[in-house]
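Given the coordinates of chain W, assemble chain A onto it according to the supplied hints.
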Amino acid sequence: MAHGAGGGASRRLIEEICLPRLGNDLLSPLADAALFTIDGIGLAITTDAFVVRPLRFPGGSIGALAVHGTVNDLAVSGACPVVLSAAFVVEDGLPIATLADELDAMAAAARTSRVRIGACDTKVVERGAADGLYVITTGVGRQVAVPALDATRIRPGDNIVISGSVADHGIAVLLAREELHINAAVRSDSASVWPLAQALLASLGTDLRCMRDPTRGGVATTLNEFALSAGLRIEVSEAAVPVHDSTRGACELLGLDPLYVANEGCLVAVVAPGSTAAALDVLRSVAGGPGRAGGSEAALIGEVTSGADGRVIGLTTFGGRRIIDLLEGDPLPRIC
Amino acid sequence: MGMGELRHVDEYRRQSGAAQLRLRLADICDPARTYRVMEICGGHTHTIYRHGLSDHLPDNVRFVHGPGCPVCVLPKGRIDDAMALALDEDVTLCAYGDVLRVPGSEGSMLDARARGADIRMVYSPLDALRLAREHPELEVVFLAIGFETTAPATAATVLDAERDAISNFSVICNHVLVVPPMQALLNSPDVAIDGLIGPGHVSAIIGCTPYLPLVEQFGLPLVVAGFEPLDLLAALVMVVEQLNDARHEVENQYSRVVPWEPNPVARALFDDVFAIRETFEWRGLGPIPRSGFRISDRLADFDAERRYGVVGRVVPDPRACRCGDVLRGAIEPTDCRIFGTACTPEHPVGSCMVSSEGACAAYFQFGRGLAGQP
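If you read the sequences in order, they're chains W and A.
Numbering-wise, the first sequence is residues 1 to 336 according to the working numbering.
Numbering-wise, the second sequence is residues 1 to 374 according to the working numbering.
Next up, chain W with everything else stripped away, as it sits in the complex (with noise of 0.2 Å):
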């Protein structure tokens, strides 16, 4: 399970299994998106699979899901999200409505993200096999961003920004699980991150190093993953970062740290330091809707220094600093 958590076991079965057989200038960068040209434009695809459990949750569904993290990975490669295929593999005796229910919500979705889904292929499996419904999307985008957007991109100097509270989605479907009985009012963030981005995107030009959005893993797993690309250290400060009261203690009762719990409609940013007022700015003015993240609660929450060991250091509340390591084994398993 350890394999699938996004952390550093996920790391290395990409890095030493996947990369060596599959490997390419495309594949290789391991970016949320792989950028290429046919007859000079720029494009961008991605893919994801989602295996979510349960379907449904506070704040989304597999279904919606599907859409936005797609949507999303696009968006943070600095590529307007165009056309997206899905495929089903839907377990025997899924009912119909359940079915048609997610259809429905990624049809809402899908167009809350300006996006046509263009391509659609059903399997069904026999029962047992597939926890109700896993959906797969990909996602192909225009790209915007010139240059592109590149974590070798950063500087010492640089600033980090996310665009909202963290940890919500993890929570949410956590907590749907029902195995824990713990009443909160936590909804999951999935929704679009591409009108943060795009806001960013035009704002900021070349100050404008890289996005990702925190999904497995959390925000400490890709801040390690910009420090590790950037060969730089980056100082995150644990009180700056977003978090809703009622996630917080969701998290505190049950000794997760919101730093690595998943976020599906977040984006974190790396920008100049001149630029980094500009892009709070940005981003506090993008006004969130149904699908559509917004901006009001961005913040500043760390800095890239000129320490060469690509290691995260968090200054904890307290005034005391700990190392923000890459996740061990699987925390919550099936959270996207």
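If you are wondering where the hints come from, they were derived from the structure by calculation, not from laboratory data.
It should be emphasised that the depicted structure is a prediction, and the values quoted were computed from it without experimental measurement.
Do not take every clue at face value.
Beyond 10 Å from chain A on every Cβ pair, some chain W residues (computed) [said to hold, decoys possible]:
| id | residue |
| --- | --- |
| 1 | Ile41 |
| 2 | Ala129 |
| 3 | Ser296 |
| 4 | Thr316 |
| 5 | Thr317 |
Restraint ranges, calculated between C-beta atoms of paired labels, are given here [to be verified]:
| id | chain 1 | residue 1 | chain 2 | residue 2 | range |
| --- | --- | --- | --- | --- | --- |
| 6 | W | Asp131 | A | Glu162 | 31 to 41 Å |
| 7 | W | Asp101 | A | Trp260 | 50 to 60 Å |
| 8 | A | His135 | W | Glu126 | 51 to 61 Å |
Here's a subset of chain W near chain A, in silico, CB distances under 8 Å, partners left out [claimed, not checked]:
| id | residue |
| --- | --- |
| 9 | Gly23 |
| 10 | Cys120 |
| 11 | Gly319 |
| 12 | Arg321 |
Here a beta-carbon is modelled for each residue, glycine too, at the ideal position from N, C-alpha and C.
Just chain A, lined up with the frame of chain W:
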């Protein structure tokens, strides 16, 4: 903040409170001596490193980590015993998350699960009982572990099982008591400490009175502390003040949760459901008499060890592993040769690296002793 609006998390982590306590500590610490304070409880170790508390202590104040991690002190043989139930007896084994990753002789319970054993994570023994209730076709065994803190929940669950005649449920009991290892430790010649920070949540069950004989016998101050950073700093101040005054008393910093007297409901549950084992093997401390619970004879039907004829494997620790010395506070995690190299959270050799309350895991997770440490 309005009246009556107590934000339990934020209130005890406030920077300003910490600054005041740190100033007080710096003020009262006598530069002519050292203060070695053992925090018994793994939860305290975790808090110290999670919040970087040791970063700002005076140089002559040192925390020493004690054996208060019930997962860490569990010998490998007991892990093997539990795994054998799932692998050989076709039992559905339920355990807390931490225990699942502790390496036994042949991998951890998570590895066994990947090999097909039915092993499930639960957050409470009641979850395991519910599973048994809802699935009469399963033979459910709950791996009970923890100090007196979690023992009442196990006991209450066993009584529920008895009341409702749930015959497909039993418990493999690894509950341990906190005072006997403290005694063993304080008797140990290579452990040199000046004061103790008493476990918070165990004391919510057993109260503060059980520590009185220890404090008398060894002449050490003991302050029961909560788990928030401010709690620990406040307790540390109280220990230092006692040492400066040459007092050795039991004090209760965690009074919002911990009573002075033992909890009578818990005591009654223990007397009914558990019996004290003649001896119990502790990783690193060896056998300690009357330091663990087993299921009482009256409730033998719910004792998995009797039901399945559990052999009681004794497995020596790997030679390179120094968990025992870490648990006794004799060495720091970084003194162990395999810390961070052969032994990491990803492939732990000893249990101190696996459990979130283990000193080695806390050190590693929050970066002490690694190249490039902050």
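| request: Please name the hints from earlier in the document that this structure breaks, with their numbers sorted from lowest to highest. | output: 4, 5, 8, 9 and 10
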